[in-house]
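2 protein chains.
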Amino acid sequence: MSVLFKNARILATENGAFKVLDGAFLGVDGKKINYIGVSRPSFSYDTEKDMHDRLLMPGLVNSHAHSSMNLLKGMGSDLPLQQWLNTIWPVEAKMRDVDFIAGMEMAVLEMLAGGTTSFSDMYFSPMVTQKVIGESGIKADLCRVVMGGDEHTDYLSYQNRVEALAFHRDFDNAYDGRLHVDWSVHAEYTISDNIAEKWAEEIQGLGGRLHIHLSETRAEQESCLNKRGMTPAAWFNKLGYFNVPTYAAHCVWVTDEDLAVMREKGVTAVHNPSSNMKLGSGFAPVQKMLDMGLNVALGTDGSASNNNVNMFEEMHLASVIHNGYHLDPTIMRPSDVIKMATINGAMAQGRPDTGSLEVGKCADIIAVNLDAPHMLPDHDTPALVCYSAQASDVCMTMVDGKILYENGEYLTMDKERIFHDYRASCEYLASK
Amino acid sequence: MSVLFKNARILATENGAFKVLDGAFLGVDGKKINYIGVSRPSFSYDTEKDMHDRLLMPGLVNSHAHSSMNLLKGMGSDLPLQQWLNTIWPVEAKMRDVDFIAGMEMAVLEMLAGGTTSFSDMYFSPMVTQKVIGESGIKADLCRVVMGGDEHTDYLSYQNRVEALAFHRDFDNAYDGRLHVDWSVHAEYTISDNIAEKWAEEIQGLGGRLHIHLSETRAEQESCLNKRGMTPAAWFNKLGYFNVPTYAAHCVWVTDEDLAVMREKGVTAVHNPSSNMKLGSGFAPVQKMLDMGLNVALGTDGSASNNNVNMFEEMHLASVIHNGYHLDPTIMRPSDVIKMATINGAMAQGRPDTGSLEVGKCADIIAVNLDAPHMLPDHDTPALVCYSAQASDVCMTMVDGKILYENGEYLTMDKERIFHDYRASCEYLASK
Chain A
1 MSVLFKNARI LATENGAFKV LDGAFLGVDG KKINYIGVSR PSFSYDTEKD
51 MHDRLLMPGL VNSHAHSSMN LLKGMGSDLP LQQWLNTIWP VEAKMRDVDF
101 IAGMEMAVLE MLAGGTTSFS DMYFSPMVTQ KVIGESGIKA DLCRVVMGGD
151 EHTDYLSYQN RVEALAFHRD FDNAYDGRLH VDWSVHAEYT ISDNIAEKWA
201 EEIQGLGGRL HIHLSETRAE QESCLNKRGM TPAAWFNKLG YFNVPTYAAH
251 CVWVTDEDLA VMREKGVTAV HNPSSNMKLG SGFAPVQKML DMGLNVALGT
301 DGSASNNNVN MFEEMHLASV IHNGYHLDPT IMRPSDVIKM ATINGAMAQG
351 RPDTGSLEVG KCADIIAVNL DAPHMLPDHD TPALVCYSAQ ASDVCMTMVD
401 GKILYENGEY LTMDKERIFH DYRASCEYLA SK
Chain B
1 MSVLFKNARI LATENGAFKV LDGAFLGVDG KKINYIGVSR PSFSYDTEKD
51 MHDRLLMPGL VNSHAHSSMN LLKGMGSDLP LQQWLNTIWP VEAKMRDVDF
101 IAGMEMAVLE MLAGGTTSFS DMYFSPMVTQ KVIGESGIKA DLCRVVMGGD
151 EHTDYLSYQN RVEALAFHRD FDNAYDGRLH VDWSVHAEYT ISDNIAEKWA
201 EEIQGLGGRL HIHLSETRAE QESCLNKRGM TPAAWFNKLG YFNVPTYAAH
251 CVWVTDEDLA VMREKGVTAV HNPSSNMKLG SGFAPVQKML DMGLNVALGT
301 DGSASNNNVN MFEEMHLASV IHNGYHLDPT IMRPSDVIKM ATINGAMAQG
351 RPDTGSLEVG KCADIIAVNL DAPHMLPDHD TPALVCYSAQ ASDVCMTMVD
401 GKILYENGEY LTMDKERIFH DYRASCEYLA SK
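Chains A and B supply the protein sequences, listed in that same order. Taking my numbering, I'd label the letters of the first sequence as residues 1 to 432. Taking my numbering, I'd label the letters of the second sequence as residues 1 to 432.
The following block holds chain A by itself, in its conformation from the complex:
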């Protein structure tokens, strides 16, 4: 199956930099992009699609989510952190397999409609939610979160690890490679030294990537310094975790030394601006990370602390809040932010074959409607994407050359059935 998009504006990549083409052509053959240019290609295609007034850009990569937590959205809003956690934990503890699945399905509906073609998720039951990746056609890096380790939770952490190892063995690279199974340590403050050391040894040499939370709050940072005499990043590094390709969510309170270690070890920092603002965590030193040459990706965090999985909203926040914080309108350039939301996330996921529109790359492509009052005029396409566009402007989402969402319709997912199941899960969790 091959398709030629014509008359499009295209946010293409050439030698690592964005290049905007107008009235241009993009050809897809099978899973791959086989042509980008302003003149019609000489190859023939099965179908042609007119993309007048549409911007084709790379699909978005949401590099840190807890998808099924959308079921907890809005519970305990605006409470202090601990009270909020105390509100949602008892509900989370009630979640059954069907609830994890319903939450994941609803999140994927939202992500596809908003231009996300791949996401990295950390939660408890990827062993059951993985089927949503298979059925929907989206790409994802899932992991079975590992935590615990004191005398009360030793067995739990053992179970976490057994499940994580089995999940990796059985599902890594499933669904034609759309599913990656990553390793995980929830965070420095939710695992004991004993278990953390054991787990670091267990996963080394098995391949894959590591997904962690790092230095999200000042309290976490200070408590780790008090308890261990080192920062969370130094502790992870000491245990050898950073020998596994790692992406670390939040990184709000990392020190300059932490950043140097992360740079040296190739750790990706995942910026989560909505969550960091809403929960009062603070401003990650993102411009400094970029200046130091770290790979910085972008993620929504869970819908319980966002409260959605809207990557356009994250791009907007990432583009503006640091200017405000540093009193400088010249930092955080839109082109850097779009890279954070696309190719940098793809690199963190170990997917060098996606994240940009280039010949030979996977056809993970979204179309953004430019024919709307807020999208005119276009004097600067990356600025338009970051400052003006909304997730709802996405009118087509394609993964591996297959259209999964177009003009409000889902081509692989049964929206009505999913809404029905999701509402049933909401009712169940609200009961008692």
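Just so you know, the hints here were simulated from the structure itself, not pulled from any lab data. Just so you know, not all the hints are guaranteed correct.
Where chains are identical, the list cannot tell them apart; a pair therefore holds if satisfied intra-copy or between any two copies.
[As the list claims (entries may be wrong)] Subject to a maximum C-alpha distance of 25 Å in a straight line, what follows is the list of computed SDA-like cross-link-like pairs (lysine to any residue):
{"#": "1", "residue 1": "LYS19", "residue 2": "GLN83"}
{"#": "2", "residue 1": "LYS49", "residue 2": "PRO80"}
{"#": "3", "residue 1": "LYS227", "residue 2": "ASP328"}
{"#": "4", "residue 1": "LYS415", "residue 2": "MET396"}
{"#": "5", "residue 1": "LYS238", "residue 2": "GLU409"}
Model the placement of chain B on the given structure of chain A, informed by the hints.
Positioned in the frame of chain A, the structure of chain B alone reads:
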């Protein structure tokens, strides 16, 4: 003409506080709301509209905009302030009456689609753009901006004032009161003492309200202190401006003394979070303003520095950025933010008959679609509006009991003709 909305979720107001009704009825008779309740009213209505899976909430009031500046959107993005101004000023100087009108029309299309039912605009040619208010059915407070005053611009500032006075005389309360004509001083730093004193005398006693920029940047604040030995707020107050009901945009660098004066004089602070972040202006002390009892409204600023007129985006930013800045998730409650975006703005516009859903108030109502992945579940309706909702979720916008926008269609505006004119203006301004 009367209409009964049924089966709706309603964000009503009772004794000054929000109250969420479910499966409820809202009746509109002529321009006014004549019923809100969970049981069917005994009155009869010409038509009924089923609002299942819809939230009815008050229309949004955008309290600070420069609508026609959408034509300059994306020009000189991410340049330092002065270079950005130097980029846009020559283009702005080319704008003809048709361009001001095209810009205003496009902004009103965007605002109606995003749930704005009234806005306060400051720009150069309200004398010609006022007709857009008349034709579209939206409400607006327009003003002819007054600035200038040194030897080179004395004549200009004289012309500004003559135009402002004539505009007020001819158009205040036009279009059944939907148009208010306000007074304006652009800002402390763009007018001379001489002209500012004269203008303060001229407008006192004429009624109306005053729309100004106040303490937007640190440079403005410091330069005023150096030049005049007082803050911009103290200077405006000394000249008597605050005897006119005033709303002041930005207020980022106001001092505690300024806030005390504003509180005493009833000056509304208009918060512009997108613009303040994007331009690197800083964080207005909004929570302190609210705690002190100031009236705080919300606005987008112009699309050249935002880059859209999306009040849902402003509500989101206002809800989260201050938590991040103060490292406290408990401040800036969604219900306060929605008031900023509705009734507080209505108060600043001198429209006590709107801004909330209550019997007897104007039927300035929007419907928000709740049947979308990012809008489920609803555990906390104000939180859902501020954290999860998007402008594109608005599916109906009603002003004075008249539906102006519904499900993508405009009932009073010719979208096709406006897009055509707007594109012609963009081409003209981009030429040479």
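Against the structure, the hints:
1. LYS19 x GLN83: between (48 Å within a copy, 24 Å between copies)
2. LYS49 x PRO80: Classified as neither: same-chain Cα gap 50 Å, cross-chain 41 Å, threshold 25 Å.
3. LYS227 x ASP328: Only across copies: LYS227 and ASP328 sit 24 Å apart there, 37 Å inside one copy, limit 25 Å.
4. LYS415 x MET396: both (16 Å within a copy, 23 Å between copies)
5. LYS238 x GLU409: Neither: 49 Å inside a copy, 60 Å across copies.
The structure does not agree with the numbered hints 2 and 5 stated previously, though it agrees with the rest.
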